[in-house]
Amino acid sequence: MSSASHVASQKLDILVDTFISKLKRRQITGSYKIATETCQFLMRVISTSRWSTPQEFIQLIRKVGQRIQEAQPREFVTGNVVRRVLAIIRDEVNGTGDSLNNANVNNGAPSAPVDTSMFQLLSTVNTSSSTNLSIKENTRGQNDLRSVVIQGIRELSDEISSVNENIEAMTVDLIHENEVLLTPTPGSGTVLNFLLKASLKRKFTVLVTESYPNDIEECHLFAKKLAEANIETVIIPDSTVFAVMSRVGKVLIGARSVFANGGCVSNAGVAAVCECAKEHRTPVFAVAGLYKFSPTYPFDKDSLIEVGNSGKVMPFEDSDLVGKCEVTNPVFDYVIPEHIDIYITNMYVYFFIFINLLFQFILTEVKHHTNTQNILFS
Amino acid sequence: MTDKKDPKATSQASVVPAATASTSAAANASKTGPPPQKTLTNKELKELKKKEKAAKRAAAKAAHGGANPDQQHDQHGKSNNNNNKSQKPKTASQLKKQMNSAKIKDTDVKIPAMFSHLETREQRIAASPTVASIVHPSILALTLKISTYKVVGSSTRCQSMLEAFKDVITSYKTPEGTSLQRHLTSHLSHQIEYLKTGRPLSVSMGNAIRWLKQKISQIPIEMSDEDAKVQLKEDIDLFIQEKILYSGKVITQFASGHIQNNSKILTYGHSEVLKKLFKYCAIEENKSFDIYIVDSKPLFEGKKLAKELSSVKNIKCHYNLITSLSSVLERSSIDFCFLGANSMLSNGRLYSRVGTALVAMSSKNKSIPVLVCCESIKFSDKVQLDSVTLNELGDADDMINTKPFNKTGFNLQQYLNNLEAKKVEEQNGAGKKGQQQQQQSKKEKDDKLLQSSQKNEETLSNWKDYPSLNILNVLYDLTPPEYIQKIITEVGALPPSSVPVILREYKSIT
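Chains as they are written, first to last, in my numbering: chain A, 1 to 378; chain B, 1 to 510.
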């Protein structure tokens, strides 16, 4: 028995290690990819893992989650996905009836999780039944639990891949005819889909900033795609933002991760654009899938911002400058919550003050489990 | 001479330079000599004019239908009249027509709708001998440098322009029947017209020209031409010294008090005055401080400043692009933000390199004082409320590259294209194939000259084919006065609301 479990744990280790090295080596980049890969990874982990009690199961997932969050500490999506999975597991373990309903509840109406958790708190029957479940029907319970959780993860994965479609559905209400939009995040696929969908119903102009030096190639591709869809597109250099802002109706940004206070991390240059928009009283929309929302709080802004290749800012062709100047190339920017008017997600449209409510809905199951909140904070 | 009458050339732009390249090749060695000498010998002038007439006829057939008969008439008129007569006021308009005939309309220009009212460099003047006989070579050289951003910056352009005018005045000879006071002004106007085709004049250049014209008209009648020229040149020197060089020094004196030891200064782009200020503080006053230089595409002027300052011992340079502005401001506690100006407008707004407004706004929001150093020659009585109504458009094609590059001027580009075309034609013989190859080779030349990787060139090199795609490249923007704490000029330090006061004073000084 021990050897079997030993083999199993080795398999698990191999799985975990490969995924972690992928993350560390940045073979997977981009929130969307990482989220889907994490889902796949967790499914595999759950199928190969061996545990005797559900509590052990939860501990195992937590440990794995901790490790993968540390592999890429600035990529909060991994942590978010693990948290959602843990929520699924807890739901199942606490036996709130049909687990499928539970998974739906995570994605569906916000009031339901609150009821069920309150209900759980008050009712003793369910908890005892869950413990009975774990002790008596060990292996069968394990398999049941496993399949249910994997089902839940699959649904989570579906939700993540359908983020764009759901966000697109909200476009029409937000853009009027002949509007001028500005987008400083040309690398965002969500923004691209948003605009392409909106162009079917409305005619507008899009100004795209170049985001030199990190995203300039993406900017050119983005602009080309928009132009191919017959949207009036204008590429502007990053410095021209203030000059044109008085003519811009709305600013549309793609967020990389969103935090508990409503602030977000996005490409370099976006913070200045949002500040500029604030000065001109131009509304700023941020689009982000729900999987990007993280309950962590950005205490240390410096650690959020990754620094990239300085050679892009000052290439070696400027040889007489290279050794003598200090050059940094921050890849990200932190945008304070006051600069963003609205977050558009695949579920709802949120104002930053109410982000806390959002997190409550996702995390109610884990809220009264005090330990969970600590482990996955960076 | 056969390629002069090349009817198969499709693009207008390539025809005239083709003709002119061959004429210049065929022309006598006096091409190397200064053109004003040529006008002394009528015979050579007549011969040249005849050749040009033939060239023009071929070119004008394809290019300018309407203006053609006028041109020929002008050419004829010029060759028939003797030198003196041709310089009468009548020929001022003839000269103008000549210059206009050499302009090439670049129909390929695409501008975003919002900015389509702004002037573009649609009309380039080809390097033809017709122009060369009117325009002084120093001005030709200067225009080339200005249009390729080799000479860039308000004070620098103004100074270089005045130096070029000194050369023009030196080689100037008053035609008979008119006086220097009256004629030199119109002669200078032709030079200025040509200069404008490189880039629109800045406010400082405009003010300097107005001053110069006033000075010319104030020359006493009895003074001989030689004396007048000497006096004018001295006046120009004095003007440069006073308004540009010494002003810079005085501003430095005023502003150096703000820079203390171990202070951190933020600056944007490249400004002559600021460079002097920083060097003075580091070298003369021996202060050591940090400078954060913010830079942007496409001109990358900050690199120039960084090159100069990084070799100064007491200065520690940091270089960043404008996208990382908020990170820089967040991380390092900047003490002051110094900005340079192209001009100060009458309603207290700062007209400066695009991106300045963003830097000023971000600094203000972090409670960093913003100081502008600006000589009084840059003050203008214009009033403007935003950056869209009046601005300068650069070439949209400068923006296609994803890496910094060296801009080749329009004339150089044409010349190289023609070399390629000639090579290709010699190989294939004239034919439709030659056209396509010319286009292809032109594109290849573009690739090589722009020195960008193949993949990047692919992405936007055909941006003009997409009707909905536009590229915006404006050069200036307007910073509202609420972001500026103090403007430092050589007449003192003042808040932005007091700009009209300086204008009044400035007018009284001159």
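If you're looking for bench data, these hints aren't it; they were derived computationally from the structure. Beta carbons are placed, not taken as given, at the ideal position from N, Cα and C, and that holds for glycine. Hints may be right or wrong, so weigh each one.
Below, computed lysine-lysine pairings styled on BS3-like, alpha-carbon distance capped at 25 Å [claimed, not checked]:
1. B:K287 <-> B:K313
2. B:K364 <-> A:K312
3. A:K324 <-> B:K486
4. A:K250 <-> A:K278
5. B:K486 <-> B:K264
6. A:K33 <-> A:K224
7. A:K225 <-> A:K33
8. A:K312 <-> B:K486
9. A:K250 <-> B:K364
10. B:K145 <-> A:K278
11. B:K464 <-> A:K225
12. B:K213 <-> B:K275
13. B:K304 <-> A:K301
14. A:K312 <-> B:K303
15. B:K275 <-> A:K324
16. B:K464 <-> A:K324
Here are the simulated distance ranges between beta carbons [to be verified]:
17. B:N462 <-> A:E165: 30 to 36 Å
18. A:E228 <-> B:S333: 22 to 28 Å
19. B:G492 <-> A:G189: 50 to 56 Å
20. B:L118 <-> A:G249: 18 to 24 Å
21. B:S332 <-> A:R154: 20 to 26 Å
22. B:Q241 <-> A:A229: 54 to 60 Å
23. A:P315 <-> B:G257: 35 to 41 Å
24. A:E228 <-> B:G257: 30 to 36 Å
Practice prompt. For the pair we were handed, K486 of chain B and K264 of chain B, check the Cα-Cα distance against 25 Å.
Written response: 18 Å, holds
Discussion item. Check the hint pairing K33 of chain A with K224 of chain A against an upper bound of 25 Å on the C-alpha distance.
Written reply: The given pair, whose Cα atoms are some 23 Å apart, holds under the 25 Å limit.
Worksheet item: Taken at face value, is the distance from the CA of K278 of chain A to the CA of K250 of chain A at most 25 Å?
Response: 11 Å, holds
Practice prompt. Given the range 30 to 36 Å, decide if the beta-carbon distance of N462 of chain B to E165 of chain A lies inside it.
Written response: Since the Cβ atoms of N462 of chain B and E165 of chain A sit about 32 Å apart, the hinted range of 30 to 36 Å holds.
Fill in: Status of the given 50 to 56 Å range, CB of G189 of chain A versus CB of G492 of chain B
55 Å, holds
Discussion item. Range first: 30 to 36 Å. Now tell me if the beta carbons of E228 of chain A and G257 of chain B are that far apart.
Written reply: Between E228 of chain A and G257 of chain B, where Cβ atoms are some 57 Å apart, the hint is violated.
Practice prompt. Take the C-beta atom of L118 of chain B and the C-beta atom of G249 of chain A, compute their distance, and say whether it sits inside 18 to 24 Å.
Written response: 21 Å, holds
Worksheet item: Using the C-beta atoms of S332 of chain B and R154 of chain A, is the stated range 20 to 26 Å upheld?
Response: 48 Å Cβ-Cβ, so the 20 to 26 Å window is violated.
Discussion item. A range of 54 to 60 Å was offered for this pair. Does it hold for the Cβ distance of Q241 of chain B and A229 of chain A?
Written reply: At roughly 59 Å between Cβ atoms, A229 of chain A and Q241 of chain B fall inside 54 to 60 Å, so the hint holds.
Practice prompt. Could you grab the alpha-carbon distance between K287 of chain B and K313 of chain B and see if it respects the 25 Å cut-off?
Written response: 10 Å, holds
Discussion item. What's the verdict on K324 of chain A and K486 of chain B, does the C-alpha distance respect the 25 Å limit or exceed it?
Written reply: 31 Å, violated
Worksheet item: Hey, K304 of chain B versus K301 of chain A, does the alpha-carbon distance stay inside 25 Å?
Response: 32 Å, violated
In this structure, the earlier hints numbered 2, 3, 8, 10, 12, 13, 16, 18, 21 and 24 are contradicted, and the remaining ones agree with it.
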